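K.L.:
Full structure from sequences and hints, please.
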Amino acid sequence: MQILRTMSAAALVLSLTACAADTKPPVAAAPDKFVNLVPAYTTFWDETRGLDTTQRVAAFREKFDPLFPGFYSTERVKPPQTVAQQDQRIAQSFETFPSIRTRFETIGAGFGAMLDSAEASFAATFPTSA
Amino acid sequence: MTMPTYLIHSLGEMDGGTRNIRGRTLFVFGADVMARVHDGFNSERPFFHHELFHVYHTPKYESCDAVWCSLWTEGLAVLVAKRLNPDATDAELLLTCPRPLRAAFDANRKEAVCAIQARFNSEKGEDYRPLFNNPKDAAISPRLPGRFAYYVGYLVAQQAEKTHSLQQLAALTPEQAKPVVKRALDSLGNCGRTRRKAA
Chain A
1 MQILRTMSAA
11 ALVLSLTACA
21 ADTKPPVAAA
31 PDKFVNLVPA
41 YTTFWDETRG
51 LDTTQRVAAF
61 REKFDPLFPG
71 FYSTERVKPP
81 QTVAQQDQRI
91 AQSFETFPSI
101 RTRFETIGAG
111 FGAMLDSAEA
121 SFAATFPTSA
Chain B
1 MTMPTYLIHS
11 LGEMDGGTRN
21 IRGRTLFVFG
31 ADVMARVHDG
41 FNSERPFFHH
51 ELFHVYHTPK
61 YESCDAVWCS
71 LWTEGLAVLV
81 AKRLNPDATD
91 AELLLTCPRP
101 LRAAFDANRK
111 EAVCAIQARF
121 NSEKGEDYRP
131 LFNNPKDAAI
141 SPRLPGRFAY
151 YVGYLVAQQA
161 EKTHSLQQLA
171 ALTPEQAKPV
181 VKRALDSLGN
191 CGRTRRKAA
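Protein chains in written order, with full-length UniProt numbering: chain A, 1 to 130; chain B, 1 to 199.
Derived by calculation from the structure, the hints in this document are not laboratory data. Bear in mind the structure is a predicted one, so any value in this text is a computation, not a measurement. Positions of the beta carbon are idealized from the N, C-alpha and C atoms, including for glycine. Any given hint could be a false lead.
What the hints assert, rightly or not - For lysine-lysine, the following DSSO-like pairs were computed, each having C-alpha atoms within a straight-line distance of at most 27 Å:
(1) 60/B to 33/A
(2) 124/B to 78/A
(3) 136/B to 78/A
What the hints assert, rightly or not - Covered, in the sense of this in silico footprint (three residues per stretch, anywhere, with C-beta under 8 Å from a C-beta of chain B), are these stretches of chain A:
(4) 35–49
(5) 58–70
(6) 88–95
(7) 116–124
P.N.:
See the structure below:
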């Protein structure tokens, strides 16, 4: 959206490990469904703590690319940005995650209900949006 | 959900908005940025209403790329969020990032209005960015924080609301909206061709 339209994109990848929280690939859901990748990221972060950064970034790309095809792909990297910078953003997400984890998980747990509720009240004001 | 919706770790890219990914328009929310930027919010409803309004309203403005178009679409989204959530704080309306926009505007009203008037019809990214983003090295002036145009847009929408309902404002086409936006912006401050001539 216009709000953040100049901000750039990022990363991705595939699964290294069995992810209890996402054994049903969200991408397989019907196109109009809600796909929540918060549990997948949290699980991935926990399960890849022992990897060095390069391996962990590669593992991220391998896991999340099929979960959200295109979003984390290098195809969203536009000059002057580089794939190396995208990798750096992925790596940085690992470093900063502990500081946001509690809120990240809280948002993930309550998001669907919050958005549904907001949509209902929005539709009451703008009925044609429903 | 109104459209396919993803809640993800966005790697710092976004708290929410639409993205066109491989030909599909998707509603994407970054739980990482929400966690960081929305910390302390009592409610996410104003934020959701802001984004839902964009989804509802933007199709009419997809080919409207000038600065005034963003001033209008963003300002109206903030107004809708406020009207649907009368108790929403400036923070919950995203008007305090990177620093409080209301206070900066109040202290530098003329400079803020004139900066937008001077770029009103521009479609250049270099004109858009310091108004609606927070580029580290491209601020218009040290007195005007990045994103200050969100607050100016909100004031513009409030002016327009004096003669239109929210639904009427949302229904305006770009051709109908442009003179409304121009009048409302002019009412916020006079940048004065007269003054320039006098100088």
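K.L.:
I'd like to know which numbered hints this structure contradicts. Please list them from smallest to largest.
P.N.:
Every hint satisfied by this model.
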